[in-house]
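In order, the protein sequences belong to chains S and P.
According to the numbering used here, the stretch in the first sequence is residues 10 to 195, in order.
According to the numbering used here, the stretch in the second sequence is residues 10 to 195, in order.
Check the hints yourself; a few may be wrong.
The list cannot tell twin chains apart, which means a pair is met if one copy fits it or any two copies do.
Stated by the list, open to error - Straight-line C-alpha distance at most 27 Å; calculated DSS-like pairs for lysine-lysine:
1) Lys71 <-> Lys149
2) Lys41 <-> Lys133
3) Lys115 <-> Lys75
4) Lys149 <-> Lys133
5) Lys60 <-> Lys115
6) Lys60 <-> Lys71
7) Lys107 <-> Lys60
8) Lys136 <-> Lys115
9) Lys136 <-> Lys41
10) Lys115 <-> Lys133
11) Lys115 <-> Lys103
12) Lys136 <-> Lys109
13) Lys122 <-> Lys75
14) Lys103 <-> Lys60
15) Lys60 <-> Lys149
16) Lys121 <-> Lys75
What the hints contain is simulated information worked out from the structure, not anything from laboratory work.
All values reported here derive from a predicted model rather than from experimental measurement.
The lines below spell out each chain.
Protein chains: 2
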Amino acid sequence: MEQHQGQAGMDLPPGFRFHPTDEELITHYLAKKVADARFAALAVAEADLNKCEPWDLPSLAKMGEKEWYFFCLKDRKYPTGLRTNRATESGYWKATGKDKDIFRRKALVGMKKTLVFYTGRAPKGEKSGWVMHEYRLHGKLHAAALGFLHGKPASSKVHERTYAACVCLVVTSLIDRSIDRLSRPD
Amino acid sequence: MEQHQGQAGMDLPPGFRFHPTDEELITHYLAKKVADARFAALAVAEADLNKCEPWDLPSLAKMGEKEWYFFCLKDRKYPTGLRTNRATESGYWKATGKDKDIFRRKALVGMKKTLVFYTGRAPKGEKSGWVMHEYRLHGKLHAAALGFLHGKPASSKVHERTYAACVCLVVTSLIDRSIDRLSRPD
Numbered sequence: 010m011e012q013h014q015g016q017a018g019m020d021l022p023p024g025f026r027f028h029p030t031d032e033e034l035i036t037h038y039l040a041k042k043v044a045d046a047r048f049a050a051l052a053v054a055e056a057d058l059n060k061c062e063p064w065d066l067p068s069l070a071k072m073g074e075k076e077w078y079f080f081c082l083k084d085r086k087y088p089t090g091l092r093t094n095r096a097t098e099s100g101y102w103k104a105t106g107k108d109k110d111i112f113r114r115k116a117l118v119g120m121k122k123t124l125v126f127y128t129g130r131a132p133k134g135e136k137s138g139w140v141m142h143e144y145r146l147h148g149k150l151h152a153a154a155l156g157f158l159h160g161k162p163a164s165s166k167v168h169e170r171t172y173a174a175c176v177c178l179v180v181t182s183l184i185d186r187s188i189d190r191l192s193r194p195d
Numbered sequence: 010m011e012q013h014q015g016q017a018g019m020d021l022p023p024g025f026r027f028h029p030t031d032e033e034l035i036t037h038y039l040a041k042k043v044a045d046a047r048f049a050a051l052a053v054a055e056a057d058l059n060k061c062e063p064w065d066l067p068s069l070a071k072m073g074e075k076e077w078y079f080f081c082l083k084d085r086k087y088p089t090g091l092r093t094n095r096a097t098e099s100g101y102w103k104a105t106g107k108d109k110d111i112f113r114r115k116a117l118v119g120m121k122k123t124l125v126f127y128t129g130r131a132p133k134g135e136k137s138g139w140v141m142h143e144y145r146l147h148g149k150l151h152a153a154a155l156g157f158l159h160g161k162p163a164s165s166k167v168h169e170r171t172y173a174a175c176v177c178l179v180v181t182s183l184i185d186r187s188i189d190r191l192s193r194p195d
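Bound-form chain S, shown alone:
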């Protein structure tokens, strides 16, 4: 059977793609990465989103044609604060819309935030066509995953730096957010 080589050397027959649901990303990828930093996924690379411009990301990904998946450690803007540093050399990621809750059956397992990249500096940045979805674990699941890693009870203090899976979607033109559903199966 004809095989297609992904960048990770994964042999997939024609037509097979990495196309996870929101819940699959949380349950099978992010939760595992938070529980064990050594967890490596075929389809998800690692990137520091403060050090790359969005247009650099496709070449850093393991696979993908219009979407590229990364684990990214969340960098705190201020050591004691909760704001995440979202700036790069060329611009910044700005959150848009409302975070979406992600469920596994009836349990809340994570949240998804949508961000758009602006070139320049706030508040005078220029909107680009790059869109990112950032996934994070729900508080209880997150604490449980860290508890598993370190053998501490789930109520232990949350670490200063935490993994969040980030998904970057490329769009070639300025479009409304309804298009971010096109590639995501329900």
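Given the coordinates of chain S, work out where chain P should sit on it, guided by the hints.
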């Protein structure tokens, strides 16, 4: 790594799905089936669409959650005619809209027709939520594929019965055709 068993026993990591483009279906699946009737695909089953109702198809498929893929021999309505028999016991498939041309780079390789299932008998059938996309090879490619099988030149007579790949999309409610783009990567 956690694996998910498809009905065909295919081991895929979480989040990997069969999600081919129109061109991939034509080039890597239909053209091969026409060239060699013994060609078997992991993700594409065989079905006789005149003998099953659309609601029977998911259980006959090799895999799929909202879309099910089949090779189907086109049955001629009349032995000497070109009309395809699209009736089942409960109803019939009716073409809608305009056929779409499918290209591989700049070459026309196939066409895609959209059909909707109606219960009852024409012209008084009742529209259902079942939608099918039927793919067929472009004439030259088709003749070339048959030529390959039988060692005859490409201009040889087309066989009376030919394979067309049929894709069934399930929709749970009556919706407009713009939704048929939701699951198909460009």
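For this session: Hint by hint, work out which the structure violates, then give me just those numbers in ascending order.
Result: 1, 2, 4, 5, 8, 9, 10, 11, 15
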